[in-house]
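*Asks:* Chains as they are written, first to last, in the numbering used here: chain A, 2 to 468; chain B, 3 to 247; chain C, 26 to 246.
If you are wondering where the hints come from, they were derived from the structure by calculation, not from laboratory data. Note that the structure is a prediction, hence the values are computed from the model and not measured. Incorrect hints may appear among the rest.
To be verified - With a cut-off of at most 27 Å between alpha-carbon atoms, the simulated DSS-like pairs for lysine-lysine come out as follows:
(1) B/Lys-5 x A/Lys-401
(2) A/Lys-169 x C/Lys-237
(3) B/Lys-67 x B/Lys-5
(4) A/Lys-401 x A/Lys-455
(5) A/Lys-462 x A/Lys-425
(6) A/Lys-425 x B/Lys-5
(7) A/Lys-434 x A/Lys-455
(8) A/Lys-462 x A/Lys-434
(9) A/Lys-434 x B/Lys-5
(10) A/Lys-455 x B/Lys-5
(11) B/Lys-67 x A/Lys-434
(12) A/Lys-401 x A/Lys-425
Stated by the list, open to error - Counterexamples of contact, computed for chain A against chain C with all Cβ distances above 12 Å:
(13) Arg-95
(14) Thr-146
(15) Glu-173
(16) Met-238
(17) Arg-257
(18) Val-266
Claimed, not checked - To give an idea of the chain A side of the interface with chain B (calculated C-beta under 7 Å), a few residues:
(19) Met-347
(20) Ala-350
(21) Trp-422
All residues carry an ideal CB built from backbone N, CA and C; glycine is no exception.
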Amino acid sequence: MNVPVTFVERAHRGIGNRSTAAGEVGARRMMSHRIAASADYPAMEEMRDQARRIRLYALGHLDELLARFSDEVEGAGGHVHFAADADEAIAYIRKVAEETNVRRIVKSKSMVTEEIHLNAALEAHDLEVVETDLGEFIIQLSGDTPSHIIAPVMHKTRQDVGELFSEKLGIEYTDDPTELNNVARHHLREIFLSADMGISGCNVAIAESGSIVLVTNEGNGRLTTSAPRIHVAVMGMERIVPTLSDAAVILEVLARSATGQRLSVYTNIVTGARRPGDPDGPEEFHVVILDNGRSRVLAGDAAEVLACIRCGACLNVCPVYREAGGHAYGFTYSGPIGAVITPSLMGLAEWHDLPYASSLCGACLDACPVRIDLPGLLLKLRRDAVSEGLGPDGLEGALKWFTRLATNPGMWRGATRAGGWSAKLIARQGWIKSLPGRGSAWTDYRDLPAPAAKPFHARWKERQRES
Amino acid sequence: MPKVQLFVTCLVDSFFPEVGEAVVAVLERHGCTVEFPFDQTCCGQPAFNVGYHDQARAMAEHTIKVLDGTDGTIVVPSGSCADMMINHSPELFQPDDPIHAAAARVARRVKEFSSFLVDDLGITDAGASCEGRTATYHPSCHGFRNLGIRQQPETLLDNVAGLERVELPDAETCCGFGGLFSVEMPELSASIMSTKLTNVEASGADLLVGVDVSCLMHLAGGLRRRSREIEVKHIAEVLAEETRT
Amino acid sequence: MNREDFLERVRSAIKVSELPPIPEAPPGGLVPDLPRAGVTERFLEQVEAVDGHTHLVGSDDEAVHLIGVLLEQYGATDYLAWAPDHLPVAGLAERLRATPLDAVVPGDAEGRLEHQTGYTDLLVGITGASAGLAESGSIVLEAGPGRPRMASLIPLVHIALLRERDITQSLSHWIADHAEAAADTSNLFIITGPSRTADIEQTLNLGVHGPKHLHVVVLGG
Ligand code: SF4
């Protein structure tokens, strides 16, 4: 099989297919929900500014906040593990699982565990890992990957899910979402209540109390952090804010930007394991704080991207995301945030084409609740790619030639006039229908107007002569 | 009589000189003295947007040197080139480089054509007429999002005699041009374009108007493969038509 | 990686970072300007808007009666409730004990697995609530002794009892007055409507993991 290796190849598979079309409908719907939710919340713009300040403050004081957070977690009887990379995070979670005799693990939706491919690593050690977010559960059953950071199966139709459930769960085929939902509830309920370990991500961590905040709509986040005897939270190290009040600001903008809700159904704030006298809750609480490239991003000029609160708003408005589909981005994070964060975390060497997967229209910046200058960061990454010799193929020569003309007015004028004459040879009624070589990248999809026989500067000259 | 410098952009110079002439006609009709710094070429945006800063810097420097010695507002019939000259060109030079200061001086004088008419000259009715046509306006992204250009051209169109302006559905979504994106990722670019063109057709307009010839060139080229019913024009061409007396 | 090395790496990254200007003081919360007057009405309206059911009752007796009706309506055979002193309605525990319903009592850590699997078909959970948030139609709950998390999570029906005076404008308002709330419990949670998903073709479905029906009973006065 031919595995597509570039964005363009992956996008080619996505463009116009049924999954991408389903995804586009979903993205547009989420976008209009966000716009409506912002419009009926007068404090939205002010909250966004405050959320941005909070996130930037946190990044600038990340060392102090992480130190405080980890003191607080340990003070409440929890355990903190600092993981430099994916391997260290996985090794720690395996060790905990082994020491506490864990067999069955339930997970609530978490991008960061996808980033480190945690499921595969745990399954390789005979641990049963079950995704419990309905979307992620569908992804896991079908061996697929998420196409949206908030709505992982936006690319699947109800028929896709119906076929999958009837094949994998042995039920009679139905494509009624309510019935499919009931099937999943029933199937997952028993797994939840008998799981040994719950692994969650972390939307926000609160330094002053050592808490983690998880938002979900389904309730699987609360089950994951409450039913099993061990709870492990995996957090990207940047996910922190100083206080509960700061977290409130993030929460006020997060759900509105993600799904257009005022708050998600469950905002779950976990501080340590169950306490003496608590009737339920896990016996052990572990937090894995993950770097995995983040300190390198922080040290670079795209550090602002770490302010992201993973709401997905930038995906929903992005015309490239909507046409190409989330899988085109080739990694856990898709859309504009993916185009910035994947090369930042994983390096341009392998991901240098992602920063070019944008028309720089700026819709993402408008939508982003924390006003991350995504187009500006894409431009920086493009500059870095070029300086590392990783610019788009064949562009450099053409640009050097163009620059030579554009910095030499005499040559420029000569070239524009020559362009006009030669176009006469191939143009019909002022339009060119087909160009050879690289020019076909234009004419394969649209006609090209012929360069003018007499450029503007020549007309200006004439006019001056006449007057 | 305000004196203005016309920076016509590389695309207008070589592909759409009639747009440049229309700009001159409209400006002169409204009392401006138009000068054209003859050695101008390209602002450097094409190279800047794909990360080739050395090339972008060279072109920006040339542009700045050509314009810095002149006086009056620098009128640019393109939102994205104006955005480049205002928001990016200065950044290409170290703060202690004398070109940096010149770039900043130039940046302060640059104004996109339609917003110059409305914001600076206070013209909302350019005195044009365009009988029996229905137009829709596409707000090109850089001008719209980075320079806030939308209301000005729409107002100008609303006041063209005989012209009905209809809203473009989903107007604020990109047309897919994106500079070299249009040829680096042409399939995607065309796919986004096709959504835009469907909306243009749905608007019911027979005339598509914009302030950026780059996006318009892409859309016009795409439209020719779908239907010949819809004409594409830069706003200056609409405003230059048949002055009412 | 050990903590010190990890944090040192972060510290040196910050030093060379090209972040936009960083605020010097912690920014803190922001409390939007929302009127206090009319919070109850807005709360009730907003709970309904997120697919919850609301009941405004004037007395404990009325509340007790209402809960009886709800239990019957859902055909409950058992229930999991918070301890009586954490429910703001006098006489509810006695009333429930007088019914033929089985009270499910949370187990201890020892027998948890066995015990928990018994929750599978639990129909009704009854809890109190620390606050109601008018702007989002949310209720705030704090787990702790006598207040099992599961009562608001496992059953198909969640009945939450809330004092009207505990309704405030919004999340930000409540947190501004309860800055320590996260530290005070192992689990602070805010519930905004019944469990929902829109994962399959963005079609709304209630009760995917948590309760399908949420009844908020507001005790007036
Ligand atoms: S970059 Fe902004 S809009 Fe995109 S996911 Fe992150 S916070 Fe949301």
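*Asks:* Work down the list of hints and note, for each, if the structure agrees.
*Replies:* Each hint, compared with the structure:
Between the alpha carbons of B/Lys-5 and A/Lys-401 the distance comes to roughly 35 Å, so the proposed pair goes past 27 Å and is violated. Restraint check for A/Lys-169 and C/Lys-237: satisfied, since their Cα atoms lie roughly 25 Å apart, inside the 27 Å limit. For a cut-off of 27 Å, the pair hint linking B/Lys-67 to B/Lys-5 stands: about 19 Å separates their Cα positions. The straight-line distance between the Cα atoms of A/Lys-401 and A/Lys-455 is roughly 25 Å, inside the 27 Å bound, and the hint therefore holds.
A C-alpha spacing of about 22 Å is found between A/Lys-462 and A/Lys-425, which places the hinted pair at or below 27 Å, so the restraint holds. With a CA separation close to 37 Å, the supplied pair A/Lys-425 and B/Lys-5 exceeds the 27 Å bound. A C-alpha spacing of about 21 Å is found between A/Lys-434 and A/Lys-455, which places the hinted pair at or below 27 Å, so the restraint holds. The hinted pair formed by A/Lys-462 and A/Lys-434 fails the criterion: a straight-line CA distance of about 31 Å is larger than 27 Å.
Taken as a hint, the A/Lys-434 and B/Lys-5 pair is broken in the structure, with Cα atoms around 41 Å apart against an allowance of 27 Å. Among the hinted pairs, A/Lys-455 with B/Lys-5 is consistent with the structure: their alpha-carbon atoms are about 26 Å apart, no more than 27 Å. Proposed proximity of B/Lys-67 and A/Lys-434 is contradicted: the alpha carbons are some 38 Å apart, above 27 Å. Under the criterion of a C-alpha separation no larger than 27 Å, the hint pairing A/Lys-401 with A/Lys-425 is consistent with the structure, at around 26 Å.
For A/Arg-95, the shortest C-beta to C-beta distance to chain C comes to about 16 Å, beyond the 12 Å cut-off, and the non-interface label holds. Annotated as non-interface, A/Thr-146 keeps its C-beta farther than 12 Å from every C-beta of chain C; the closest such distance is 15 Å. Taking the minimum C-beta to C-beta distance to chain C, about 17 Å, the non-interface status of A/Glu-173 holds against the 12 Å cut. Remark: the non-interface label on A/Met-238 conflicts with the geometry, its nearest Cβ contact in chain C lying 7 Å away (cut-off 12 Å).
Against the 12 Å criterion, A/Arg-257 falls within the reach of chain C, whose nearest CB is about 10 Å from its own CB. Separation of A/Val-266 from chain C is inadequate, the least Cβ-Cβ distance of about 5 Å not exceeding the 12 Å criterion. Hint on A/Met-347 is violated. Least Cβ distance to chain B is approximately 18 Å, over the 7 Å limit. Interface hint at A/Ala-350: violated, since its Cβ lies 15 Å from the closest Cβ of chain B, which is beyond the 7 Å cut-off.
Taking 7 Å as the C-beta contact cut-off toward chain B, the hint placing A/Trp-422 at the interface is violated, the least distance being around 12 Å.
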